[in-house]
Amino acid sequence: MAQLMQIIISGILVGGIYALISMGLNLILGVVRIINFAHGEFLMISMYISFLFFVTWGLDPYLSAPIVVLLLFIFGCFVQRIIIQPILETSATVKIFATLGLSIMLQNLALMIWNADYRTVHTAYQTSVIRLGEVAISVPRLIAFAVAILIAVALFLFLQNTLMGKAIRAVAMERRAASLMGIHVKKIYLIAFGIGSALVGLAGSLLMPIYYVFPTVGTLFVLTAFVVVVLGGMGSMLGAFLGGILIGLVEALAGVWISPGLKEAVYFVIFILVLLFRPSGLFSLGKGSEEVGLK
Amino acid sequence: MRKWIALLMISLLAVTTACSGSTGTRGEGGKKETLQIGALYPLSGAAALLGDESFRGAELAVKLRNKNGGVAGGKHVELVKTDAPDANAAQAEANRLITQKGLHLILGSYSSAISFAASEVAERNGVLYWEMGAISDPITERGYKYVIRTNPPASEFAKVEIQYIKEVVAPKLGKSPTDVRIGIVHEDSLYGTTVAEFITKMAKEEKMQIATTQPYNMKSVDLSSVVLNVKQAKPDVLIAVSYLNDAILFWRQAKELGLDVPVFIGTGGGHTMSDFQKALGKDVNGIIDVDFPQYEINKSYTPGLEEFLKLYKETYNEEPRSGHSLANFMGTNVLLEVIDKVGTIDPDKIKQAALEYKLEPGKSATGWGVDFDQAKGQNKLGQPYVHQWIDGKLVTVWPKGAAVQEAQLPMPKWSERK
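Heads up: the protein sequence lines correspond to chains A and B, in order.
Residue numbering for the first sequence follows my numbering, beginning at 13 and increasing consecutively.
Residue numbering for the second sequence follows my numbering, beginning at 41 and increasing consecutively.
In short, the hints are calculated from the structure, not lab data.
One or more of the hints may lead you astray.
Here's a subset of chain A near chain B, in silico, CB distances under 10 Å, partners left out [as the list claims (entries may be wrong)]: (1) Ser103; (2) Gln119; (3) Ala128; (4) Tyr224.
Ideal Cβ positions, reconstructed from N, Cα and C, are used throughout, including at glycine.
Produce the complete structure using the sequences and hints provided.
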């Protein structure tokens, strides 16, 4: 019983990390309608920034998180303006090539600057756990999970209640109509891309005490993030959150009951089943959203 | 605006190509006669860190040799460095070195997948392929005519582990070798799977018990299920075959989830690297690791090691990041010795001279001897050593000739650690 509880808790906590990364990807996909293949590299960059703050000023990753978030917001806006904006009206292939190219360039740039060395930060709470009987809960993972929930709620409130949030949703639903209603679509794209990048910046900061950074670290997370987004339903923030938790849980349970080597296989099977029977995702926004970003 | 963006892109591209170009070494019309050797390693991509570390060993051996008068009566040796991040690139680059650069000898390569692909191209073209770091057994088992390997293969790692458990670990635990319960965790690519299979096979031959085998994907970001499965199996000895990120992750999660094993044996890879120690701090202490020779070793058994370390620090301004550079340094030295005897780079002559070349154990910078298998080209006297992380240093503890200290076994439980 304790074993089962442990697996479930471990799974949910990892799921929180997946959710954090996926929410940014999903926002960009839903609003700007572009699959950002460089999303993993954005994560890598934010982890490096967090790491640099730690080694240069001894700033704890949690403390430097707001700065990293801000920097990633600016970086996201910059990338959107310079690379994404000019190709928005082109074919899907061009978009794929552009972001994939950006991903390769950022990886190799990081390799040039920092080598392939693995870098970690050391904090007092790094391996600390809360013990409930035989069940151990990792503190940094718990924090990441709690923040993921917080962000999901905050984002939901922002999108529902603020004028900007409503404008973003309007653009996501029907960009031409939105522009006719006087919404500055290009500005919304810029902001949505910025927020999506800022979210991944936060994910990077929260991951730093748990994980370590190296130039290709993004690839480890981004594939799962894509699965989460499609599984949860493109464009649905709640879907990204719940999808993240679901994948984390499936992975953990499959790892113990089937084989750790096959856990990815298990969630890909689920992924394929969802694509077959509910192609718009488990928590989709409605018909047609499965084509978001590919038009 | 568009023009500016295009201009920015082009200049960025120009800068990156210029930077990558400058890392290549090209001969600049030297007056002395130079002998060119291809050096094929993964210098970008996932294997870049150890690829680069391996290359440094070869580079230093050549540098030292050139400083001391070169080979074959003053000929200068030059490495033609090339980047092969994966098997496809390895084939393409090997082809380029042979057909465009006209080279007859390629050394490398750290990664087994890369070695496989590149050696095939070399064999087809009658070019000698000199391997110094890839451990997959089939590289030399294929019986290729033009493949030589100086480092020990994967099966040797498993052999040393089982032997060490039998001779040292079992008595320390107060058990007979057949009562020792072995657990195995390994990443599930070719490297982990091959070594794990050898361990299982050899353990069975010794009638040892395998308590559990847990394969996992090296790209996993959570290994709690692996840790929990091992915890339930309660092995006396846990052998891990891991790369760096999974090794760090596993051990961190082992601490979090309270997995206590009396003896933990890493199999080279991530468990050797200084980054492993940096990431885990004090928690690495007590971990045993079977790998290529490292640096806290009996220096009288490894002549030339001190000189290597000095040169390394002088050249790269840091300590070696793993023993890969040393293994490549040793292998390149053997190659240069052979070239010195032959006088030119002729694959057949070098192969022949290599097969005749003999060195006793304890006479090289790694302590390895040299005696190549006549049919396969595998060095029979290369062997992994057993090391232990003690006070943050990877200290050689076995075999006796190379050891500087005795291993501290069993490991303290997490709750007993300071």
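Taking each numbered hint in turn, which are not upheld by the structure, reported in ascending numerical order? Of the numbered hints given earlier, the structure breaks just one, which is hint 1.
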